[in-house]
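Protein sequences appear in the order of chains A and B.
Going from the first sequence to this note's numbering is simple: count from 1 and add 1181.
Going from the second sequence to this note's numbering is simple: count from 1 and add 1181.
Keep in mind the hints are simulated off the structure, nothing from the lab.
It is possible that some hints are incorrect.
Note that the list lumps identical chains together, so a pair holds whenever it fits in one copy or between two copies.
[Unchecked claim] Straight-line distance between alpha carbons at most 25 Å, and here's what the computed DSS-like set of lysine-lysine pairs gives: (1) Lys1375 with Lys1401; (2) Lys1547 with Lys1444; (3) Lys1357 with Lys1340; (4) Lys1357 with Lys1289; (5) Lys1379 with Lys1696; (6) Lys1547 with Lys1401; (7) Lys1379 with Lys1584; (8) Lys1696 with Lys1506; (9) Lys1290 with Lys1357; (10) Lys1510 with Lys1197; (11) Lys1569 with Lys1547; (12) Lys1340 with Lys1506.
2 protein chains.
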Amino acid sequence: MNLVPIRRALLSVSDKAGIQELAEALQVIGCEIISTGGTRKQLENAGIDTTEISTVTGNPEAFGGRMKTISFNIESALLFDRERDATEAAALNIAPIDLVVCNLYPFKKVMEQGSDFETLIENIDIGGPTMVRAAAKNFKYVAVVVDPSDYTELIAELKANNGALSHAFRQRLMAKAFNHTADYDAMIAVTMDKELGKQSLRLSFDQGLGLRYGENSHQKAIFYRETGDKHSLFDMKVLHGKELSFNNILDIHGALEAIKGSKAIACSVVKHNNPCGLAEGDHQRLVLELAWDADPISAFGSIIAFNSTLTLDTVRFFELDNADKTMRKFVEVIIAPKIEADALAYLQLHKNLRVIELDLNHLNYKHDYRYLNGTLLTQDTDDLLYDKLDSTTNIQFDANGEKDLVEFGMRAIRSIKSNSIVIVRRKNGCLQMLGMGAGQPNRLIATKLAIEKSKENLTRELGAQPISAEAFISKALGDAVLISDAFFPFEDNVELAAAEGIRKIVQPGGSIRDKQVTETCNNLGVAMLMTGIRHFKH
Amino acid sequence: MNLVPIRRALLSVSDKAGIQELAEALQVIGCEIISTGGTRKQLENAGIDTTEISTVTGNPEAFGGRMKTISFNIESALLFDRERDATEAAALNIAPIDLVVCNLYPFKKVMEQGSDFETLIENIDIGGPTMVRAAAKNFKYVAVVVDPSDYTELIAELKANNGALSHAFRQRLMAKAFNHTADYDAMIAVTMDKELGKQSLRLSFDQGLGLRYGENSHQKAIFYRETGDKHSLFDMKVLHGKELSFNNILDIHGALEAIKGSKAIACSVVKHNNPCGLAEGDHQRLVLELAWDADPISAFGSIIAFNSTLTLDTVRFFELDNADKTMRKFVEVIIAPKIEADALAYLQLHKNLRVIELDLNHLNYKHDYRYLNGTLLTQDTDDLLYDKLDSTTNIQFDANGEKDLVEFGMRAIRSIKSNSIVIVRRKNGCLQMLGMGAGQPNRLIATKLAIEKSKENLTRELGAQPISAEAFISKALGDAVLISDAFFPFEDNVELAAAEGIRKIVQPGGSIRDKQVTETCNNLGVAMLMTGIRHFKH
């Protein structure tokens, strides 16, 4: 274990949380405590004996506190090799310091308070990082603690090892220390660049999990968490099933984004990173059925996300216990904020199915990054649904009456790859995506795809009912709303949609041919709403 | 300008490049040079007077060089406020140091050499970062240089200002210094995490350019370069046209990726991040025409990329000088490694058209990152085309004879969003993507889209020729090759393709129904090649 007895410690912290308890624990093991300024004051007030740092440095505290710890004596005490340099240290009268507890001047806090430049500069810690880095370098003999949340483990280790710390613990503390100083200087560097009118960005990720492979088996892949305390997609709790794959994670993200912001009970069915099914309402099982029915072929092998606690009644839809195996509906991943125990037990009938819990509120990140061959595009996430709801046609689009359906459709369209068209409708008191066209270079093809899928779904829905299929479909499409992620450059999309029975269209507007498109709507008896907000997604 | 005369400098560098010239320049202005170890030796050998650092620190060099510069005297000389602390400094006998020239122990080099852990630890610089950070904090009075490439400007500034340095220069050097120490500790932190079996990742980006907006106008966006010396997509040289947009940059990347690896003259036409046109051959104009013809409707407003010097003959295709404006072919971006002067002049006829030069070799990055709500997926780029070329059908797929076409099609398929199907063929001695289906949840729809687009293109190609359209299309599809980015889960895709006349299919294989799919090919007279490599892209 290579234990290092902690006989002499240096405590100098700007965040004083827990420092007294730590000092008391050090006192118990007979450790000398060297301390500075405010830290020392607090400890002395608590009746803990400390050594004033200047008696060790041999120098006064100087220059408004800019010089406190930096000295030949302190850094030597941290840095010298306890074996190789022992004689030299003795000759130079340097006694080892075995533990440094230090957190740095609160540059971040001061920055977030919007302090002026002088104050920022004054809050760049010089002595702290020097001690921390020196102690970390010499972790073979020295322990360094930069985070109050490590005190508990530190105290426990000291107790367990009769006042000494293990090599493993010291090494972990060392790595953490260099991460801390790296974060600290990253923050300062970005701030100083900004002060010069330069935009720089430093991102840090940790807890990397090796995945089996990337999008394809010849690509190696890792899944990281962004460094920090915030909740994120990384908090997924896998309750059951096979290891998550790269594509699973991509699709889980897509599935959750598609239901984010919905206030009803919502469900999305994702395949290849596009929702092919989406529905919301007040009955979970019904909502799942409607989402599934938007593309029941693609839904096999899909990723399905919910925004409400998943119940047994809902998951029975998958018929995992059906004796007739062909009736079982196999999907790759099911994710919900919470999964009831009996629902989980039922899902566990399928050995490989990944069952995951995640609170959707863990996904409120406001930045989107795209890495492209040594460059990065950053943007705000697409958090706005519409800017206005202007009916521009002779036949008024009932923006108030259809608001829930329009908003549902806008959430759908912004989660589908461009060019995209969705057709949404009401069914059984719920809202359903009836068909969608995704990822097309030509918007007209997206419209065709959305209409074809809708007609296919309606034909199946009609079944053997003694109604004219044409009339049934035309009626259903007439009640539905077609939504486009971007403006129509020409009239052709409207003409195509109207010919199939569509009577309500939503689009952002902004084309130089908006007027002609509106005119075409008027001629064809279509009501059109302009939202002012495009939803390209690539 | 707030000039600081440089009267006393500290030089301590591990990279000795240019240090002698710098010292000579300092000598000329009568600046005292304090120096250490190897740096001092080199300067003394060159006949430059230096002050040994220990005479300033008042301490010996100790502990195998671990203690050289760190001292009350050096850091005080760097840190004290020349106004507020002047009296105190005088009383403490601290004379100011006005310039620090320091680069750190070569941790990175030592790491890349695969040195052992002890050596790595020994190469963590403690004194260097302390000096650099102290000088940087006090940049109001002190200059700090961490990069030999700044010596030239430093010397020029000293000359221009009679041995002094300006505030602006010192501030730039300060920001650079903190970036340097941030990079240094980032590298150490990641290495130390790795040593503990933890995977962490730190990314750094600079030169951020604010874009007008992101994918949509309500999203703010910035375009950054990854920090470092490597060439990248950031090197795009915009010769003409409107400011690049977020979507332009995304599509430029997509367009370049689609032609990367081609050894012939290649051209891609991209819309919404998918190539809707792609061709290669030995004649640039012909190749552009073939790429355009794969989807001449979507090609309007597209991003077009070339891998060869763009000529006037080629760009005349766009007919920008046609008196009949409806004949002019407007696109958003044209990018090529080089653009001939007359070609550029011609393209400039279109005021808004962005004309860009970029060497494709600047795109050899091996990592791909996907940021998802506080997490990051990293993977190797998809650099392998195929693992094998196994004809599995009774009718043999002529893998040798068709190798160029298959490789062309594989490059196409891996640059198109999944599920994807492409149909490629030979025409006029070139290779052309005849049709493609992109981004579908259901592979069968992708196959339908690729076939429909191919038939549409062939019908246009046939024109008024007195040949049966059916026979013409069937013959052309029979000569073409259909490629799937992933295996066929069922026989339906093959059945659909064969019914339309397709006789050659390429797919990775790997389905549990490979045997049935092969059998279906045999029954339908189709030759099939299995490559072993899937090309999902999302």
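Identical-chain pair category, Lys1569 with Lys1547, by Cα at 25 Å | The answer is within: 22 Å in one copy meets 25 Å, while 44 Å across copies does not.
Are the CA atoms of Lys1357 and Lys1289 at most 25 Å apart within a copy, between copies, both, or neither?
-> Both. Shortest intra-copy (18 Å) and inter-copy (19 Å) distances satisfy the 25 Å Cα cut-off.
First find the shortest C-alpha distance between Lys1340 and Lys1506 inside one copy, then the shortest across copies, and answer within, between, both or neither for a cut-off of 25 Å.
-> neither (59 Å within a copy, 85 Å between copies)
Go through the copies and call it for Lys1547 and Lys1401: within, between, both or neither, with a Cα cutoff of 25 Å.
-> Only across copies: Lys1547 and Lys1401 sit 11 Å apart there, 28 Å inside one copy, limit 25 Å.
Alpha-carbon proximity context of Lys1357 and Lys1340, limit 25 Å = Classified as within; 22 Å inside a copy, 45 Å across copies.
Please work out whether the CA atoms of Lys1290 and Lys1357 approach to 25 Å or closer within one copy, between two copies, in both situations, or in neither?
-> both (20 Å within a copy, 23 Å between copies)
With 25 Å as the alpha-carbon cut-off, assign the pair Lys1696 and Lys1506 to within, between, both or neither.
-> Between copies, since 21 Å is at most 25 Å while 55 Å is not.
At 25 Å max between alpha carbons, let me know whether Lys1379 reaches Lys1696 within a copy, between copies, both or neither.
-> For Lys1379 and Lys1696, neither the intra-copy (43 Å) nor the inter-copy (59 Å) Cα distance is at most 25 Å.
How would you label the pair Lys1379, Lys1584 (within, between, both, or neither) given a Cα cut-off of 25 Å?
-> neither (43 Å within a copy, 49 Å between copies)
Intra/inter-copy verdict for Lys1547 and Lys1444 if alpha-carbon distance must be at most 25 Å = within (20 Å within a copy, 42 Å between copies)
At 25 Å max between alpha carbons, let me know whether Lys1375 reaches Lys1401 within a copy, between copies, both or neither.
-> between (35 Å within a copy, 17 Å between copies)
How would you classify Lys1510 and Lys1197 at a CA-CA limit of 25 Å: within, between, both, or neither?
-> Result: close neither inside a copy nor across copies, 57 Å intra and 68 Å inter.
Violated hints, listed in ascending order, are 5, 7, 10, 12; each of the other numbered hints is respected by the structure.
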